[in-house]
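Enquirer: Place chain B on chain A using the hints.
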Amino acid sequence: MARQPDQTGIRIGMWLFLYTEIILFGGLFVLYAVYFYDYSSDFAKGGKELNRIIGSLNTIILLVSSCTVAASITAIRQEAKKLCLLLLATSFLCGIVFLINKYFEWGHKFAHGIYPNSPTLTSGPHGQNIFFGLYYVITGLHGLHVIIGLTLLTLSFVRVYQDKITAQRFSLLENSGLYWHLVDLIWIFVFPLFYLIL
Amino acid sequence: MDSAEQHLTSYKTLGLVLAALLVLTGVTIGVSYIDLGMFNVFIALGIACTKVSLVLLFFMHLKYESKAIKFSLIGTICFLAIMISFIFWDVAFRH
Numbered sequence: 001m002a003r004q005p006d007q008t009g010i011r012i013g014m015w016l017f018l019y020t021e022i023i024l025f026g027g028l029f030v031l032y033a034v035y036f037y038d039y040s041s042d043f044a045k046g047g048k049e050l051n052r053i054i055g056s057l058n059t060i061i062l063l064v065s066s067c068t069v070a071a072s073i074t075a076i077r078q079e080a081k082k083l084c085l086l087l088l089a090t091s092f093l094c095g096i097v098f099l100i101n102k103y104f105e106w107g108h109k110f111a112h113g114i115y116p117n118s119p120t121l122t123s124g125p126h127g128q129n130i131f132f133g134l135y136y137v138i139t140g141l142h143g144l145h146v147i148i149g150l151t152l153l154t155l156s157f158v159r160v161y162q163d164k165i166t167a168q169r170f171s172l173l174e175n176s177g178l179y180w181h182l183v184d185l186i187w188i189f190v191f192p193l194f195y196l197i198l
Numbered sequence: 001m002d003s004a005e006q007h008l009t010s011y012k013t014l015g016l017v018l019a020a021l022l023v024l025t026g027v028t029i030g031v032s033y034i035d036l037g038m039f040n041v042f043i044a045l046g047i048a049c050t051k052v053s054l055v056l057l058f059f060m061h062l063k064y065e066s067k068a069i070k071f072s073l074i075g076t077i078c079f080l081a082i083m084i085s086f087i088f089w090d091v092a093f094r095h
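Protein sequences, first through last, are from chains A and B. 183 is the number that the numbering used here gives to position 183 of the first sequence; each next residue is one higher, with no gaps. 95 is the number that the numbering used here gives to position 95 of the second sequence; each next residue is one higher, with no gaps.
Chain A with its partners taken away, still in its complex shape:
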């Protein structure tokens, strides 16, 4: 008889990893908060330069993709393989659109001379330089997480397609989902802190 995988154990392992991610981004948000306290007017000015529409759009995209990943788990557990694949593909597409938006957003900033260590930033107000420094570090690290999440979603998609992920064994899909939700959680804080400050 094949050994029954320890589903709870697998999930706890994933959560433990997610805690380290929470602390990682938590540290960066603390950094943001301390500098916001010191340079609130520069931060507000910097925030106005970010594109709210792209920011809002990306928020909606990530929320929808999070929902479809969660729904894909329900689908596979109800043995609706096709629906599960469709939902995973939707999530993947949302992730790609998110990255494309990010590409245009960063590209637009670069064109205006706003990039790490650019002459515009280094000669400008100190707070502005810090704001955009944090913006690039945090959204960059978040973007990296989106890429990793997309890789995991692709892997899950292939595994579902190959019938390696089934209604009885879906830990990989579940953990990929948890990772993808974490990416969403971080963005929920990034969005108001960078795009919506007055």
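Because the hints were derived from the structure by calculation, they are not lab data. Please note: incorrect hints may appear among the correct ones.
[What the hints assert, rightly or not] Derived PhoX-like pairs (lysine-lysine); straight-line CA-CA distance at most 25 Å:
id	chain 1	residue 1	chain 2	residue 2
1	B	67	A	81
2	A	48	A	82
3	A	102	A	45
4	A	45	A	109
5	B	70	A	82
Small disclaimer: the values here were computed from a predicted structure and weren't measured.
Expert: Positioned in the frame of chain A, the structure of chain B alone reads:
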């Protein structure tokens, strides 16, 4: 716990949670246009915390998880809170 005992989240619940999240996103964008001084930050963070709780509870099905995961997550958040409060304690009284 066997996988058969694990809670299955219905599409309806997921849809409702998504709708709530989108509404909250709309609210947070709307509020950001009204100048309330320091309160803007608190409202934005309050809404963000509500959204995060919804994602954790339903999308990440924390609501139906075992105690081990629930309490360890609360522990992590407590550590984060300690880190944030001690750093602010330092920053606020340094000068």
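Enquirer: Indicate, hint by hint, whether the structure satisfies it.
Expert: Results for each hint:
1. B:67 - A:81: Not satisfied, since the Cα-Cα distance of roughly 31 Å exceeds 25 Å.
2. A:48 - A:82: Status violated; Cα separation ~44 Å.
3. A:102 - A:45: With a Cα-Cα distance of about 20 Å, the restraint between residue 102 of chain A and residue 45 of chain A holds, given a limit of 25 Å.
4. A:45 - A:109: 14 Å, holds
5. B:70 - A:82: 32 Å, violated
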